[in-house]
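Listed below, chain by chain, are the residues.
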Amino acid sequence: MDTTGIIPDERLKREGIGARLIKRPELGAIAGVILVTVFFAITADSSMFTLSGIMNFMTPAAQLGILAIGAAMLMIGGEFDLSIGSMVAFAGLIFGACTVTFGLPLILAIPLTLAVAAGIGAVNGTIVLKTGLPSFIVTLAFLFVLRGASLVGLKLASGGSTQLRGVRDAVEGDWLAPFFSGDAFGPLFLWLAEAGLVETFKNGRPKIPGIPVEILWFIGLALVATYVLLRTPQGNWVFASGGDRTAASNSGVPVRKVKISLFMFAAMCGALVAIITVMDSGSTDARRGFMKEFEAIIAAVIGGCLLTGGYGSAIGAFFGAIIFGMVTIGLTYTNFDQDWFQIFLGGMLLIAVLFNNYIRKQVTGER
Amino acid sequence: MTHDTTFHHGDPVAQTQPIVEMRDIEKHFGNIIALAGVSFDVRPGECHCLLGDNGAGKSTFIKTMSGVHKPTHGTITIDGKPMDFSSPRDAMEAGIATVFQDLAMIPLMSVARNFFMGREPTIGKGPLKRMDTAAMNEAAVEEMRKMGINLRGPDQAVGTLSGGERQTVAIARAVFFGARVLILDEPTSALGVRQTSNVLATIDRVRKQGVGVVFISHNVRHALAVGDRFTVLNRGKTLGTATRGEITPEALQDLMAGGQEIAQLEGSLGGTV
Numbered sequence: 001m002d003t004t005g006i007i008p009d010e011r012l013k014r015e016g017i018g019a020r021l022i023k024r025p026e027l028g029a030i031a032g033v034i035l036v037t038v039f040f041a042i043t044a045d046s047s048m049f050t051l052s053g054i055m056n057f058m059t060p061a062a063q064l065g066i067l068a069i070g071a072a073m074l075m076i077g078g079e080f081d082l083s084i085g086s087m088v089a090f091a092g093l094i095f096g097a098c099t100v101t102f103g104l105p106l107i108l109a110i111p112l113t114l115a116v117a118a119g120i121g122a123v124n125g126t127i128v129l130k131t132g133l134p135s136f137i138v139t140l141a142f143l144f145v146l147r148g149a150s151l152v153g154l155k156l157a158s159g160g161s162t163q164l165r166g167v168r169d170a171v172e173g174d175w176l177a178p179f180f181s182g183d184a185f186g187p188l189f190l191w192l193a194e195a196g197l198v199e200t201f202k203n204g205r206p207k208i209p210g211i212p213v214e215i216l217w218f219i220g221l222a223l224v225a226t227y228v229l230l231r232t233p234q235g236n237w238v239f240a241s242g243g244d245r246t247a248a249s250n251s252g253v254p255v256r257k258v259k260i261s262l263f264m265f266a267a268m269c270g271a272l273v274a275i276i277t278v279m280d281s282g283s284t285d286a287r288r289g290f291m292k293e294f295e296a297i298i299a300a301v302i303g304g305c306l307l308t309g310g311y312g313s314a315i316g317a318f319f320g321a322i323i324f325g326m327v328t329i330g331l332t333y334t335n336f337d338q339d340w341f342q343i344f345l346g347g348m349l350l351i352a353v354l355f356n357n358y359i360r361k362q363v364t365g366e367r
Numbered sequence: 001m002t003h004d005t006t007f008h009h010g011d012p013v014a015q016t017q018p019i020v021e022m023r024d025i026e027k028h029f030g031n032i033i034a035l036a037g038v039s040f041d042v043r044p045g046e047c048h049c050l051l052g053d054n055g056a057g058k059s060t061f062i063k064t065m066s067g068v069h070k071p072t073h074g075t076i077t078i079d080g081k082p083m084d085f086s087s088p089r090d091a092m093e094a095g096i097a098t099v100f101q102d103l104a105m106i107p108l109m110s111v112a113r114n115f116f117m118g119r120e121p122t123i124g125k126g127p128l129k130r131m132d133t134a135a136m137n138e139a140a141v142e143e144m145r146k147m148g149i150n151l152r153g154p155d156q157a158v159g160t161l162s163g164g165e166r167q168t169v170a171i172a173r174a175v176f177f178g179a180r181v182l183i184l185d186e187p188t189s190a191l192g193v194r195q196t197s198n199v200l201a202t203i204d205r206v207r208k209q210g211v212g213v214v215f216i217s218h219n220v221r222h223a224l225a226v227g228d229r230f231t232v233l234n235r236g237k238t239l240g241t242a243t244r245g246e247i248t249p250e251a252l253q254d255l256m257a258g259g260q261e262i263a264q265l266e267g268s269l270g271g272t273v
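Keeping their order, the protein sequence lines are chains A and B. The working numbering puts the first residue of the first sequence at 1, with every later residue one more than the last. The working numbering puts the first residue of the second sequence at 1, with every later residue one more than the last.
Mixed in with the good hints, there may be bad ones.
Residues of chain A clear of chain B, computed beta-carbon distances all greater than 10 Å [claimed, not checked]:
1. Gly-173
2. Gly-243
3. Thr-332
4. Leu-345
Straight-line alpha carbon distances no greater than 30 Å define the calculated DSS-like cross-link-like pairs of lysine-lysine that follow [as the list claims (entries may be wrong)]:
5. B:Lys-63 x B:Lys-146
6. B:Lys-237 x B:Lys-70
7. B:Lys-237 x B:Lys-63
8. B:Lys-237 x B:Lys-58
9. B:Lys-208 x B:Lys-58
10. B:Lys-81 x B:Lys-208
11. B:Lys-208 x A:Lys-130
12. B:Lys-81 x B:Lys-70
13. B:Lys-70 x A:Lys-130
14. B:Lys-146 x A:Lys-361
15. A:Lys-257 x B:Lys-63
16. B:Lys-63 x B:Lys-81
17. A:Lys-361 x A:Lys-207
18. B:Lys-125 x A:Lys-257
19. B:Lys-70 x A:Lys-257
20. B:Lys-237 x B:Lys-146
21. B:Lys-63 x B:Lys-208
22. A:Lys-257 x B:Lys-129
23. B:Lys-58 x B:Lys-70
24. B:Lys-81 x B:Lys-237
25. B:Lys-58 x B:Lys-81
Hint data in this document are derived by calculation from the structure and do not stem from the laboratory. Every value quoted in this text rests on a predicted model; they were computed, and no experiment measured them. We put the CB at the ideal spot given by N, CA and C, even for glycine.
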């Protein structure tokens with residue numbers, strides 16, 4: 001057998017740029033964003049795509065997106081977490097109790113909330129890995145446990161109500177508060193308003209006071225997650241653990257550690273959303289994050305994650321969440337009934353799953 | 001097909017010292033005696049075939065050699081020094097790499113990512129420590145080219161490769177990470193004719209680099225095509241080792257089956273088994 005002169009396999013066609021692009025997991029979500037933008041550009045009031053309109057839909061997109069990035073990382077690692085929505089409520093309770101009931105400063109309250117969330121994530125992960133049960137069923141149990149714990153805990157903390165107020169007063173003036181609530185770059189926007197570069201109210205104040213911090217967290221998290229997935233050994237381990245657990249551990253990948261860390265990360269994403277939204281509204285209630293686990297998973301699937309794991313991207317989940325925000329808020333700018341949203345949601349999920357399935361076959365060369 | 005001369009065989013290997021030598025290995029699982037005295041060695045640059053029918057103890061033997069099982073009796077020496085493996089990692093560190101039938105490969109991941117899975121090279125320090133993707137891609141393409149496979153690119157998914165090509169990736173990966181002894185568990189069992197010959201060519205290439213290859217098979221023709229020495233395992237025992245040219249395929253076949261019915265069967269099937 002002569003192998004010195006290697007002949008390219010004559011049965012391999014050269015791949016065009018289109019064929020190569022389609023194999024990127026995030027392509028579907030980007031196409032979706034373009035589609036939705038075109039749709040609203042035609043049907044919606046033109047104010048939707050002004051700076052303030054964009055901030056309007058990016059804020060809910062960011063809150064969902066932080067969860068979606070956590071969910072996406074976990075899905076790529078081959079697991080699910082249905083409890084992250086309830087985690088938002090539960091972490092909200094912990095955070096509220098820390099700040100209001102115990103009067104802790106943010107420098108303690110925030111790490112404590114994140115640590116509790118991470119601990120619950122680790123419990124989830126450990127149960128899944130130790131028993132070999134599907135993460136779907138284990139975390140479904142925690143969906144109810146955490147929601148119930150939030151209700152019970154809130155009643156205890158507030159003396160009978162399912163809402164805990166007074167968070168805003170409690171964190172007022174804390175030096176860490178600006179990182180987790182309100183708007184960033186305020187002075188910049190003031191300056192831009194003076195220079196006439198952004199829209200202003202009649203009194204000369206800019207129409208948007210700054211960029212809501214959750215949007216910055218959202219973008220930052222998407223970038224970090226993408227970097228980790230694509231450029232670090234740990235990212236490779238995430239793909240490997242989700243792709244084939246046995247193969248990965250035979251090759252020396254610490255599968256158990258990887259998966260538990262991902263559960264912890266997803267739970268901490270829930271806690272971060274809780275901290276941001278609770279500080280924003282000044283109170284926490286037991287319905288916080290209701291159904292968000294499903295929306296986060298849908299955003300991750302729209303972003304190209306396979307339900308079977310081993311494939312997907314954080315940037316895809318980023319765009320998936322933006323699609324969500326655009327549609328929920330965008331419908332109010334149109335004459336359509338807002339309840340179309342649910343129909344859209346289901347339809348989008350179905351299309352995304354079909355599309356992902358097709359892509360998977362393309363990637364693996366299955367027929 | 002009695003003798004296959006497709007492959008060039010190395011020089012006689014009798015003079016060189018074995019890398020791994022296993023003597024009188026026994027392995028009991030409770031009251032089951034899986035291995036009842038197996039002796040086997042591998043020298044650098046040879047392909048030593050371990051033949052045996054299903055249930056002969058091949059898998060148990062490989063797992064003992066690769067550190068998964070601890071032998072109940074018997075000694076394992078590496079470069080003449082006695083070794084006591086307590087995990088596959090120990091065996092790997094001693095230079096014994098095993099390519100199992102499932103190949104430990106992930107179809108959805110690229111060749112480069114699979115190649116370095118669990119052993120990713122990094123550059124940078126502290127929080128900036130990252131995978132050296134350029135080096136990974138380059139090494140994967142280069143190592144595969146050496147094995148005679150032209151990748152479309154380092155990002156080609158393993159799922160798009162054929163069974164034989166995947167086998168080659170797994171072998172190339174083991175050799176790249178410094179394997180001195182390469183254990184191949186039935187590498188040709190699920191492959192077509194063309195792919196089989198590709199894998200056999202890969203074995204030949206690896207052997208020429210001085211790696212000792214342990215080729216496990218129950219296919220006498222595949223074994224004879226590349227093997228330098230042949231050891232037959234039957235009912236947990238070795239029935240002796242033969243060198244290339246000393247033994248006919250028929251004799252090997254008979255040894256594997258315990259010298260019984262095959263002879264009659266072969267008559268009725270016209271010598272095709």
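These are the hints, each one checked on the structure:
| no. | hint | verdict |
| --- | --- | --- |
| 1 | Gly-173 | holds (32 Å) |
| 2 | Gly-243 | violated (4 Å) |
| 3 | Thr-332 | holds (40 Å) |
| 4 | Leu-345 | holds (27 Å) |
| 5 | B:Lys-63 x B:Lys-146 | holds (29 Å) |
| 6 | B:Lys-237 x B:Lys-70 | holds (17 Å) |
| 7 | B:Lys-237 x B:Lys-63 | holds (16 Å) |
| 8 | B:Lys-237 x B:Lys-58 | holds (10 Å) |
| 9 | B:Lys-208 x B:Lys-58 | holds (25 Å) |
| 10 | B:Lys-81 x B:Lys-208 | holds (25 Å) |
| 11 | B:Lys-208 x A:Lys-130 | violated (45 Å) |
| 12 | B:Lys-81 x B:Lys-70 | holds (17 Å) |
| 13 | B:Lys-70 x A:Lys-130 | holds (25 Å) |
| 14 | B:Lys-146 x A:Lys-361 | holds (29 Å) |
| 15 | A:Lys-257 x B:Lys-63 | holds (26 Å) |
| 16 | B:Lys-63 x B:Lys-81 | holds (20 Å) |
| 17 | A:Lys-361 x A:Lys-207 | violated (48 Å) |
| 18 | B:Lys-125 x A:Lys-257 | holds (22 Å) |
| 19 | B:Lys-70 x A:Lys-257 | holds (27 Å) |
| 20 | B:Lys-237 x B:Lys-146 | violated (38 Å) |
| 21 | B:Lys-63 x B:Lys-208 | holds (25 Å) |
| 22 | A:Lys-257 x B:Lys-129 | holds (19 Å) |
| 23 | B:Lys-58 x B:Lys-70 | holds (15 Å) |
| 24 | B:Lys-81 x B:Lys-237 | holds (24 Å) |
| 25 | B:Lys-58 x B:Lys-81 | holds (24 Å) |
Taken one by one, the earlier hints fail for this structure at numbers 2, 11, 17, 20, listed in ascending order.
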